[in-house]
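S.K.: One point on numbering: in our numbering, the residue at position 157 of the sequence shown is 157, and numbering is uninterrupted.
No wet-lab data here; the hints were simulated from the structure.
No residue lacks a Cβ here, since even glycine has one placed at the ideal position from N, Cα and C.
Fair warning: there could be bad hints in the mix.
Have a look at the derived ranges for each label pair, beta carbon to beta carbon [claimed, not checked]:
no.: 1; residue 1: 55; residue 2: 23; range: 13 to 21 Å
no.: 2; residue 1: 106; residue 2: 173; range: 18 to 26 Å
no.: 3; residue 1: 160; residue 2: 110; range: 22 to 30 Å
no.: 4; residue 1: 165; residue 2: 87; range: 31 to 39 Å
no.: 5; residue 1: 248; residue 2: 82; range: 39 to 47 Å
no.: 6; residue 1: 106; residue 2: 287; range: 41 to 49 Å
no.: 7; residue 1: 177; residue 2: 283; range: 30 to 38 Å
no.: 8; residue 1: 270; residue 2: 23; range: 46 to 54 Å
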Amino acid sequence: MITLRGLTKRFGATVAVDALTVDVAPGRVTGFLGPNGAGKSTTMRMILGLDRPTAGQALVGGRAYRELRRPLYEVGALLDARAIHPARSGRAHLLAMARSNGIPARRVDEVLDSVGLDGRAAAKPGRTLSLGMGQRLGIAGALLGDPPVLMFDEPVNGLDPDGVRWVRQLMRSLAEQGRTVFVSSHLMSEMQLTADQLVVIGRGRLLADAPIDDVIAGSTVAVRVRSPHPEGLAALAARLAATGATVEPAGPDELTVTGSTADRIGDLAYESGLRLHELSPHAASLEKAFMELTAGSVEYASGPNGSGAR
Numbered sequence: 001m002i003t004l005r006g007l008t009k010r011f012g013a014t015v016a017v018d019a020l021t022v023d024v025a026p027g028r029v030t031g032f033l034g035p036n037g038a039g040k041s042t043t044m045r046m047i048l049g050l051d052r053p054t055a056g057q058a059l060v061g062g063r064a065y066r067e068l069r070r071p072l073y074e075v076g077a078l079l080d081a082r083a084i085h086p087a088r089s090g091r092a093h094l095l096a097m098a099r100s101n102g103i104p105a106r107r108v109d110e111v112l113d114s115v116g117l118d119g120r121a122a123a124k125p126g127r128t129l130s131l132g133m134g135q136r137l138g139i140a141g142a143l144l145g146d147p148p149v150l151m152f153d154e155p156v157n158g159l160d161p162d163g164v165r166w167v168r169q170l171m172r173s174l175a176e177q178g179r180t181v182f183v184s185s186h187l188m189s190e191m192q193l194t195a196d197q198l199v200v201i202g203r204g205r206l207l208a209d210a211p212i213d214d215v216i217a218g219s220t221v222a223v224r225v226r227s228p229h230p231e232g233l234a235a236l237a238a239r240l241a242a243t244g245a246t247v248e249p250a251g252p253d254e255l256t257v258t259g260s261t262a263d264r265i266g267d268l269a270y271e272s273g274l275r276l277h278e279l280s281p282h283a284a285s286l287e288k289a290f291m292e293l294t295a296g297s298v299e300y301a302s303g304p305n306g307s308g309a310r
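The task is simple: from the sequences and hints, build the whole structure.
M.R.: Here's what the structure looks like:
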């Protein structure tokens, strides 16, 4: 288990991680989500002893990372796929890691094979590796010591659709083996297919720690309404607002309605004699739930014209 207790990190006056308390349990994939600058990478770096906490603890199996005698046997991590010497081959990179932790050399070939890197690809120097190949090499490094705890920061970055599906299956299989799998990603659709549990942070603070189904269920369900009669649509919007629904124009012939059901909207349209071309509820999604959870925690938001606004 990964255990965080009051974990805090300050850089001068900036609080990057703010009293974070979380248990990341084995046997499931725990997704780690947050806007850019939320403190995800800093949290992972503190777990791995790369950054020292200002306060609190980050433990792996009940011990701080620096106390692990052979850490690759305890926890494997991919934080930066580019963390390889530019002139060193992928295989040499893994061999150096293996020797530092007393891991047999044969294990290097096993993990290279498991991530789909053949001998030719593994012989390439680091500077020539594509982003996708670098990701696979980084995953191989995380698997090298066959550890019970695995951490991945954006593991599908640079991978093609087949590679993304492979990573998803890998995460699921590792969790099914009883390992602790802690993975961050900005791909909400992929995380929705992969994660069992979600930890969501914003501005370094915990916003949610719950099963993914519970997080999605808490999202607002919207109904899309389209009609070829703008005046009648405006009248319908007024009637819906009077019932307590939230109505937002989505175009000259379209409304987005929350706080009401498709059945109720259809009844009101029928009573008004309004012909509809569409009346469709939008199923709750992780992306929508995430946007609602983190609405007050983003450093930069898109303005009405698509420009960034502080």
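S.K.: Does the Cβ-Cβ separation between residue 106 and residue 173 fall within 18 to 26 Å?
M.R.: At 21 Å between Cβs, range holds.
S.K.: Does the beta carbon distance between residue 248 and residue 82 stay inside 39 to 47 Å, or does it fall outside?
M.R.: Roughly 42 Å apart at Cβ, these two residues keep to the hinted range, so it holds.
S.K.: Using the Cβ atoms, figure out if residue 270 sits within 46 to 54 Å of residue 23.
M.R.: holds (51 Å)
S.K.: Holds or violated: 31 to 39 Å for the Cβ distance of residue 165 and residue 87?
M.R.: holds (33 Å)
S.K.: Just tell me: holds or violated, for the beta carbon distance of residue 55 and residue 23 against 13 to 21 Å?
M.R.: holds (18 Å)
S.K.: At the C-beta level, are residue 160 and residue 110 separated by a distance inside 22 to 30 Å?
M.R.: holds (24 Å)
S.K.: Given the range 30 to 38 Å, decide if the beta-carbon distance of residue 177 to residue 283 lies inside it.
M.R.: Holds - the Cβ-Cβ distance for residue 177 and residue 283, about 32 Å, lies within 30 to 38 Å.
S.K.: Look at the Cβ atoms of residue 106 and residue 287 and judge whether their distance stays inside 41 to 49 Å.
M.R.: About 43 Å separates the Cβ atoms of residue 106 and residue 287, which means 41 to 49 Å holds.
Against the hints set out earlier in the document, no violation occurs for any number.
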